[in-house]
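K.L.:
Going line by line, the protein sequences match chains A and B.
Each residue of the first sequence is one higher than the last, beginning at 1 in the working numbering.
Each residue of the second sequence is one higher than the last, beginning at 1 in the working numbering.
Please keep in mind that the hints were generated in silico from the structure rather than gathered at the bench.
Do not take every clue at face value.
[What the hints assert, rightly or not] Pulled a few chain A residues facing chain B out of the computed Cβ check, cut under 8 Å:
id : residue
1  : M1
2  : N28
3  : S83
4  : G163
5  : P176
6  : P193
7  : V209
[To be verified] Quick list of simulated restraints, FRET-style, between CB atoms:
id : chain 1 : residue 1 : chain 2 : residue 2 : range
8  : B       : P171      : A       : L107      : 49 to 59 Å
9  : B       : P171      : A       : D47       : 32 to 42 Å
10 : B       : Y175      : A       : P193      : 15 to 25 Å
11 : A       : K132      : B       : L41       : 50 to 60 Å
12 : A       : P193      : B       : P171      : 51 to 61 Å
13 : A       : E25       : B       : Q50       : 56 to 66 Å
14 : B       : H198      : A       : D47       : 34 to 44 Å
15 : B       : Q50       : A       : P46       : 41 to 51 Å
16 : B       : Y48       : A       : L122      : 33 to 43 Å
17 : B       : Q49       : A       : A203      : 34 to 44 Å
18 : B       : D47       : A       : L111      : 52 to 62 Å
19 : B       : H6        : A       : A10       : 56 to 66 Å
We treat Cβ as the ideally placed atom computed from N, Cα and C, and that holds for glycine.
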Amino acid sequence: MDSLVAAFLALLRRDLMLAFRHRGELANPLIFFLMIVTLYPLGVSPDVNLLRQIAPGVIWIAALLAALFSLENLFRTDFDDGSLEQLLLSPQPLPILVIAKVLAHWLVSGLPMVLLAPLLGLLLSMPATAVKVLVASLAIGTPLLSLIGAVGVALTVGLRRGGLLLTLLILPLYIPVLIFATSAVSAAAAGLPVAGQLYLLAALLALGVTLAPFAVAAALRISLS
Amino acid sequence: MWTFLHKFASPKHFYRIAGKMIPWLAALTVLFMVAGLYFGLFVAPPDYQQGESYRIMFIHVPSAWMSLFVYVFMAVAAAIHLIWNIKLADVMASSSAVLGASFTFLALATGSLWGKPMWGAWWVWDARLTSELILLFLYLGYIALVAAIDDKRAAGRAGGVLILVGVVNIPIIHYSVEWWNTLHQGPTVTKFDKPSIHLSMLLPLLLMAAAFQFYFFTLVLMRARTEVLERERRSAWVEELLG
Numbered sequence: 001m002d003s004l005v006a007a008f009l010a011l012l013r014r015d016l017m018l019a020f021r022h023r024g025e026l027a028n029p030l031i032f033f034l035m036i037v038t039l040y041p042l043g044v045s046p047d048v049n050l051l052r053q054i055a056p057g058v059i060w061i062a063a064l065l066a067a068l069f070s071l072e073n074l075f076r077t078d079f080d081d082g083s084l085e086q087l088l089l090s091p092q093p094l095p096i097l098v099i100a101k102v103l104a105h106w107l108v109s110g111l112p113m114v115l116l117a118p119l120l121g122l123l124l125s126m127p128a129t130a131v132k133v134l135v136a137s138l139a140i141g142t143p144l145l146s147l148i149g150a151v152g153v154a155l156t157v158g159l160r161r162g163g164l165l166l167t168l169l170i171l172p173l174y175i176p177v178l179i180f181a182t183s184a185v186s187a188a189a190a191g192l193p194v195a196g197q198l199y200l201l202a203a204l205l206a207l208g209v210t211l212a213p214f215a216v217a218a219a220l221r222i223s224l225s
Numbered sequence: 001m002w003t004f005l006h007k008f009a010s011p012k013h014f015y016r017i018a019g020k021m022i023p024w025l026a027a028l029t030v031l032f033m034v035a036g037l038y039f040g041l042f043v044a045p046p047d048y049q050q051g052e053s054y055r056i057m058f059i060h061v062p063s064a065w066m067s068l069f070v071y072v073f074m075a076v077a078a079a080i081h082l083i084w085n086i087k088l089a090d091v092m093a094s095s096s097a098v099l100g101a102s103f104t105f106l107a108l109a110t111g112s113l114w115g116k117p118m119w120g121a122w123w124v125w126d127a128r129l130t131s132e133l134i135l136l137f138l139y140l141g142y143i144a145l146v147a148a149i150d151d152k153r154a155a156g157r158a159g160g161v162l163i164l165v166g167v168v169n170i171p172i173i174h175y176s177v178e179w180w181n182t183l184h185q186g187p188t189v190t191k192f193d194k195p196s197i198h199l200s201m202l203l204p205l206l207l208m209a210a211a212f213q214f215y216f217f218t219l220v221l222m223r224a225r226t227e228v229l230e231r232e233r234r235s236a237w238v239e240e241l242l243g
């Protein structure tokens with residue numbers, strides 16, 4: 001048991017350290033997130049009422065895409081330098097190690113998006129109550145995006161041109177998250193209760209944490225066999 | 001029973017047995033389809049509200065049923081393949097994908113043709129239509145993944161994992177979409193209550209559903225036979241068979 005905890009923490013530390021040694025890349029998903037949101041007022045209309053109405057969907061779709069593109073690197077460098085194979089050979093259960101990797105990835109890509117969200121809410125002139133719910137929905141939803149996405153990344157890691165394929169595999173599976181999250185934010189903006197939607201998101205997260213690591217582990221073994 | 005299943009699972013015997021089953025299944029398909037179309041197009045009375053155009057239902061509803069059935073069939077085959085490592089199960093799953101996608105597309109296309117005169121629009125963001133569209137995306141994702149991996153065995157296993165993830169997600173997607181729709185949908189699309197269907201319309205519907213099932217199994221066995229030949233092309237029995 002102790003060795004498992006040690007392995008989990010070691011992997012988490014290693015991934016976080018690797019991420020911070022490449023600080024420049026850390027900002028990329030965030031800038032992408034910000035840019036997508038900026039395109040909407042330019043492309044649709046700068047009208048405040050309209051923006052307020054579409055803001056939850058805009059921010060969440062931007063988060064979805066940013067999560068998707070940042071995920072590509074989840075196993076890529078490990079695959080290229082062979083450390084992914086070492087991970088598979090380790091005596092520790094692979095699903096637990098997968099959780100460590102996904103957690104590290106979420107800490108450096110998902111969490112910053114959660115923190116940036118209030119700013120985007122302001123840009124799209126969302127009411128303060130809705131901004132709070134937006135942050136809550138992102139806090140529950142982005143780990144789920146990382147977990148579901150990890151399955152797709154694990155399936156495509158061995159492929160040279162996996163990027164676009166990853167999008168095809170994963171986006172349909174993101175739809176429930178998008179629906180529950182945006183409807184929570186819209187309900188908050190309209191002054192309605194939002195507990196139901198957030199609970200459903202949390203239930204999906206619980207399901208994702210329990211099932212996705214096994215699917216990721218199985219997919220990794222296939223990709224590297 | 002078990003010996004039969006074991007024999008059936010070996011590619012050589014499967015090739016032979018499937019070859020014998022295909023003509024029978026094809027005959028059943030034709031029989032049921034002719035009967036279903038006859039009862040559907042000539043015997044069943046026109047609908048009191050929709051007139052003659054409801055008859056597209058006899059194609060639309062069976063294809064929609066098949067689109068779900070094929071996905072579940074693929075999921076069962078994928079599970080068998082991943083758990084017991086039976087190669088034939090993977091052949092079945094990968095041979096079904098294109099058929100399932102076609103049934104899904106057929107359901108969407110016929111629904112759209114029916115929707116234009118009935119709802120006044122080719123497409124509405126109705127819950128069922130949206131779920132069916134997402135199902136099509138899931139099929140296309142599977143097909144794209146299997147096509148992208150060169151090694152056939154790895155492709156089958158990776159596709160199997162994807163199908164199993166998808167089958168867990170389908171109910172979630174379905175209910176989330178249904179819920180989204182009830183929140184957003186205004187009264188623009190009137191959803192008239194379904195009257196309990198009359199026997200004269202139910203009979204052709206069931207006949208057509210059976211015909212579609214037989215059609216699917218005919219085609220899937222034909223595709224699987226080709227696939228088996230291709231995968232086993234280095235083995236002795238194929239070389240003997242093809243000279």
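K.L.:
Next, verify each hint and record whether it holds.
P.N.:
Here's how the hints hold up against the structure:
1. M1: At 29 Å from the nearest chain B Cβ, M1/A fails the 8 Å test, so the hint is violated.
2. N28: 25 Å, violated
3. S83: 21 Å, violated
4. G163: 11 Å, violated
5. P176: 4 Å, holds
6. P193: For P193/A, the interface hint is violated, since the closest Cβ of chain B sits about 13 Å away, which is over 8 Å.
7. V209: 14 Å, violated
8. P171/B <-> L107/A: 49 to 59 Å: 31 Å, violated
9. P171/B <-> D47/A: 32 to 42 Å: Given a distance of about 39 Å, which is inside 32 to 42 Å, the answer is holds.
10. Y175/B <-> P193/A: 15 to 25 Å: Holds, since Y175/B and P193/A (Cβ atoms, about 20 Å apart) stay within the stated range.
11. K132/A <-> L41/B: 50 to 60 Å: 59 Å, holds
12. P193/A <-> P171/B: 51 to 61 Å: At 25 Å between Cβs, range violated.
13. E25/A <-> Q50/B: 56 to 66 Å: This hint holds: roughly 58 Å between Cβ atoms.
14. H198/B <-> D47/A: 34 to 44 Å: 52 Å, violated
15. Q50/B <-> P46/A: 41 to 51 Å: 45 Å, holds
16. Y48/B <-> L122/A: 33 to 43 Å: 57 Å, violated
17. Q49/B <-> A203/A: 34 to 44 Å: Given range 34 to 44 Å: holds, Cβ gap about 41 Å.
18. D47/B <-> L111/A: 52 to 62 Å: At 56 Å between Cβs, range holds.
19. H6/B <-> A10/A: 56 to 66 Å: 47 Å, violated
The structure fails hints 1, 2, 3, 4, 6, 7, 8, 12, 14, 16 and 19 (numbered hints given earlier, in ascending order).
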